[in-house]
Amino acid sequence: METLFLNILKHKKVDKVWLLKQFEGQFKTERERNLLVEAIKSCNKRQSTLYIYYDENQKPIALINLEFDKVYELPIVSVGYLFVSKDYRKQKIQNLYLSQILVFYTIKVIIPQIQDLIQFSHLGLYPDQQNEKLINHYLNIIPTSYKIKDKKDIWIFIKVK
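For the sequence shown, position 117 matches number 100 in this note's numbering, and the numbering has no gaps at all.
Just so you know, these hints were derived from the structure itself, not from any lab. Careful: at least some of the hints might be erroneous.
Calculated lysine to aspartate or glutamate pairs in the EDC-like style (CA-CA distance at most 20 angstroms, straight line) [claimed, not checked]:
| no. | residue 1 | residue 2 |
| --- | --- | --- |
| 1 | K(-4) | E50 |
| 2 | K4 | E15 |
| 3 | K(-4) | E21 |
| 4 | K4 | E39 |
| 5 | K116 | D70 |
| 6 | K4 | E21 |
| 7 | K132 | E56 |
| 8 | K69 | D136 |
| 9 | K135 | E56 |
| 10 | K(-5) | D52 |
| 11 | K73 | D38 |
| 12 | K11 | D70 |
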């Protein structure tokens, strides 16, 4: 799995026009594009960090946006946005979906680097529009995940410590 991680680069600041052009035609909805714009703004304001997965031709095909948050009084690293180009959503690389690769990268590489600096015990993911199909997808592809429902909001958590 570690060889898959070689295709991921960290970005503390990113050119909005360049990144949107890279993903042109890869959004399923305008909402996906708008969420990417918000993730870029957050990254450029230094409120989050983008990790971008590149294909063998150095074209971005997926990304994860991470930030610190507090949910249910629990300090977490939150997935602010997880995006996979529509052409790659059903494809697997070495038997893993790109969303799995990005989450595993977060757990195995990023979290160990910051865990001693900041106290938190979970990675949290708030499924877009509380989509039940998306919730089930993440629960299925990440075996150690579980969901918490509070009123109408559902969060997916992965214990990391």
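Hint check:
no., hint, in the structure
1, K(-4) - E50, "holds (14 angstroms)"
2, K4 - E15, "holds (14 angstroms)"
3, K(-4) - E21, "holds (13 angstroms)"
4, K4 - E39, "holds (18 angstroms)"
5, K116 - D70, "holds (19 angstroms)"
6, K4 - E21, "holds (15 angstroms)"
7, K132 - E56, "holds (14 angstroms)"
8, K69 - D136, "violated (26 angstroms)"
9, K135 - E56, "holds (17 angstroms)"
10, K(-5) - D52, "holds (18 angstroms)"
11, K73 - D38, "holds (15 angstroms)"
12, K11 - D70, "holds (10 angstroms)"
In summary, the one numbered hint that this structure violates is 8.
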